[in-house]
Amino acid sequence: MTGNWGRWGADDQSGALHLVTPEVTRRAVATVREGRTLSLAQPLGPGSPSPGHRAGPARYMTRDAGDYALGARSPGGFRFAEDVVQFPTHSGTHVDALSHVWSGDHLYNEHPASSTRSTRGAQRCGAEHLFPVTTRGILVDLVAATGAPLSPRTAVTHADLERGIAEAGVTPEPGDAVLIRTGWWESDGAAGDHFSDEPGIDEAAAQWLADRDVALVGADNYAVEQQTDVPGFPAHLVLLHRYGVPLIENLELAPLAGALAAAGRSAFLFVFAPVPLVGSTAAPVTPVAVL
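Residue numbers 46 to 336, in my numbering, belong to the letters of the sequence shown in order.
Simulated from the structure, these hints should not be mistaken for lab results.
Here the structure is a predicted model, which means the values were calculated and not measured.
All residues carry an ideal CB built from backbone N, CA and C; glycine is no exception.
Zero decoy hints are in this set.
Just the calculated beta-carbon pair ranges, DEER-fashion:
#1 Ser196 <-> Ala103: 25 to 35 angstroms
#2 Thr47 <-> Glu79: 39 to 49 angstroms
#3 Pro177 <-> Ala306: 24 to 34 angstroms
#4 Glu155 <-> Gly277: 19 to 29 angstroms
#5 Asp256 <-> Ala126: 46 to 56 angstroms
#6 Ala126 <-> Arg208: 45 to 55 angstroms
#7 Phe176 <-> Glu79: 25 to 35 angstroms
#8 Glu155 <-> Ala211: 31 to 41 angstroms
Work the whole structure out from these sequences, hints included.
Pasting the structure below:
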């Protein structure tokens with residue numbers, strides 16, 4: 046297997062995040078001009094849309110105002126509420142761990158696929174190995190480039206990425222995070238109508254990104270890659286499996302696009318800190334852009 050297998054040692058379970066070195070972070074900090082922060086996460090709750098094969102988020106209150114109305118003790122007048130939230134890890138804005146996809150008998154970096162089982166979770170390449178990084182983010186705004194959200198099933202090719210990044214006036218460097226705005230979430234995606242008909246990068250575009258040593262790839266849809274009626278996730282296999290590049294799905298990119306356009310820029314400081322869910326194949330994340 047080519048790609049990044051063995052690049053950071055036989056035991057590596059974090060992949061391309063290693064490309065975000067202290068030097069890369071220091072370079073990224075230089076992009077900050079205003080000090081303004083933007084969350085790139087979508088709200089996650091019982092009303093959040095989910096694909097048909099996944100249960101939607103659910104919340105259960107374990108203590109609420111009704112308990113006190115029924116006479117529950119409240120020493121000194123202190124009262125509180127608590128709840129339990131259940132959700133698929135691959136819902137809302139989340140990052141795919143390197144245990145999420147594989148081909149043959151091995152995960153990324155030749156870890157055995159048999160280490161992922163329902164009774165014990167992912168014993169290799171789980172979400173707890175996706176450590177926090179701060180790096181330079183680059184937005185490829187295909188909505189601005191085309192004048193409208195991309196149509197369902199549209200393939201984002203390496204030529205599209207190359208042109209979009211060139212028009213943005215930046216050059217991808219090792220350790221960068223590349224975020225792709227397709228407009229899917231802003232149009233039919235918001236209604237949950239096209240979970241299997243998404244625009245997104247194709248296999249060659251995924252390879253183009255991997256060849257540039259990016260540390261993270263994200264998009265404003267569920268799959269990052271193009272979805273059609275033809276089964277398969279070739280871009281996932283290139284980025285996650287071969288190169289260990291985590292994928293951030295369901296980003297909220299419209300506000301970031303507006304802010305960057307107003308400032309006449311496309312690069313920004315990108316803060317990535319996922320929840321370290323032990324043994325999970327994905328984890329919730331609230332990425333932050335600092336302008």
